[in-house]
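From first to last, the protein sequence lines stand for chains F and V. Once you know that position 3 of the first sequence is 3 in the working numbering, the rest is easy, because the numbers rise by one and skip nothing. Once you know that position 26 of the second sequence is 26 in the working numbering, the rest is easy, because the numbers rise by one and skip nothing.
Incorrect hints may appear among the rest.
Between beta-carbon pairs, the in silico distance windows are [to be verified]:
hint, chain 1, residue 1, chain 2, residue 2, range
1, F, K68, V, Q17, 27 to 37 Å
2, V, S96, F, A53, 19 to 29 Å
3, F, K68, V, K57, 25 to 35 Å
4, F, F18, V, Q72, 38 to 48 Å
5, F, T20, V, Q72, 31 to 41 Å
6, F, R67, V, Q17, 42 to 52 Å
7, V, G63, F, T12, 29 to 39 Å
With the Cβ distance kept under 10 Å, some of the chain V side facing chain F (calculated, not the full set) [as the list claims (entries may be wrong)]:
hint, residue
8, T7
9, G40
10, R44
11, E52
12, Y64
13, P83
14, Q85
15, Y105
These are computed hints drawn from the structure, not numbers from a lab. Heads up, the beta-carbon is just placed ideally off N, CA and C, and yes, glycines get one too.
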Amino acid sequence: GNSVTQMEGPVTLSEEAFLTINCTYTATGYPSLFWYVQYPGEGLQLLLKATKADDKGSNKGFEATYRKETTSFHLEKGSVQVSDSAVYFCALTPISSGSARQLTFGSGTQLTVLP
Amino acid sequence: NAGVTQTPKFRVLKTGQSMTLLCAQDMNHEYMYWYRQDPGMGLRLIHYSVGEGTTAKGEVPDGYNVSRLKKQNFLLGLESAAPSQTSVYFCASSYSRTDYDGWQYFGPGTRLTVT
C-alpha cells in the first residue's frame, strides 16, 4: 500500500532561519506529491505540488523537488517568517483514475517560528 | 465561491447520541471525502464518494455512515457516538478529470467531542 513518512516535530526556528522538513514515500507507480499547510484553527490548504520525477513545486518561498531515486519530497524554505508557523503535511495520491484520487498523508510537522 | 463549507463548526455529544455533519461544495466537483484528524496521526480517510448516489469505505469507516444524495452535499453520520470518535473532521472535494493533478480542496473542519 501507499505510505508517507514525515519528519517528526515539533520544529522551532528563529525568524530568517533555513527550514527543511523531510518527507519520504512508498507507493506503486509514480504518484502525485503534495505539501499541505494548516494554520491554527483552519483547514488544510495546498502549499505546492509535483506530478513527475524531478519536478520542483514552489509557492510563497517554499520549494520541494520530486526525487524518484530516493522516493523523497523534502520541503525547504530559505528564510522563515513568524507567519509560517503552522502544521505541514506531506501527502501523495496515485495517478490511476480507479483510486478516486485518495490522499495518503504523513503525520504532520508542527513548525513554530520565533521572532 | 464559498468553496467547501462544513456545518457545524463545533459539537459536544454524549456517548450514544447521534448526529450528522454536513459538507457542501460549490465547485461542481465529482469526488468528495471525509477525513478525521487525530494528534500525531495525520488525516485518515473515513468514507468517500465518486459521484452523486455513490459512497465507498476508506481507511477507518467503522462507526460512521455517509450519504451523497446531491452532487454538492456529502453527509457524515454517527449513529451512536463513542469517546473514540472525538476528533476534528474535515471534508474535502476534488475533480475527477484524468488530466487533473489530484489535489483536494478542504473545508474548515468540525471539532467533535464525545463525553
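For each hint, the structure was consulted:
For K68 of chain F paired with Q17 of chain V, a C-beta distance near 49 Å fails the hint of 27 to 37 Å. For the pair S96 of chain V and A53 of chain F, the beta carbons lie near 25 Å from each other, so the given range of 19 to 29 Å is met. Between K68 of chain F and K57 of chain V the beta carbon distance is about 31 Å. The supplied range of 25 to 35 Å therefore holds. Restraint check, F18 of chain F to Q72 of chain V: a C-beta distance of roughly 43 Å satisfies the suggested window 38 to 48 Å.
For the pair T20 of chain F and Q72 of chain V, the supplied restraint of 31 to 41 Å holds, since their beta-carbon distance comes to about 40 Å. At roughly 48 Å, the beta carbons of R67 of chain F and Q17 of chain V sit within the given window of 42 to 52 Å. Evaluation of the 29 to 39 Å hint for G63 of chain V and T12 of chain F yields a pass: the beta carbon distance comes to about 36 Å. Interface restraint check: T7 of chain V against chain F, minimum CB-CB distance 14 Å, threshold 10 Å, status violated.
At about 6 Å, the closest approach between the beta carbon of G40 of chain V and any beta carbon in chain F falls short of 10 Å, and the interface hint on this residue holds. For R44 of chain V, the shortest C-beta to C-beta distance to chain F is roughly 8 Å, which falls under 10 Å, so the interface hint holds. For E52 of chain V, the suggested interface contact is broken, since its CB lies about 14 Å from the closest CB of chain F, more than 10 Å. Checking Y64 of chain V against chain F by beta carbon gives a least distance of about 16 Å; that is not within 10 Å, so the hint is violated.
Hint status for P83 of chain V: violated, given a least beta-carbon distance of 22 Å to chain F, over 10 Å. Using the Cβ-Cβ criterion of 10 Å, the hint placing Q85 of chain V at the interface with chain F is not satisfied: the shortest such distance is roughly 19 Å. Here the hint on Y105 of chain V is kept, as its CB sits about 8 Å from the closest CB of chain F, short of 10 Å.
Consistency note: the structure conflicts with the earlier hints numbered 1, 8, 11, 12, 13 and 14.
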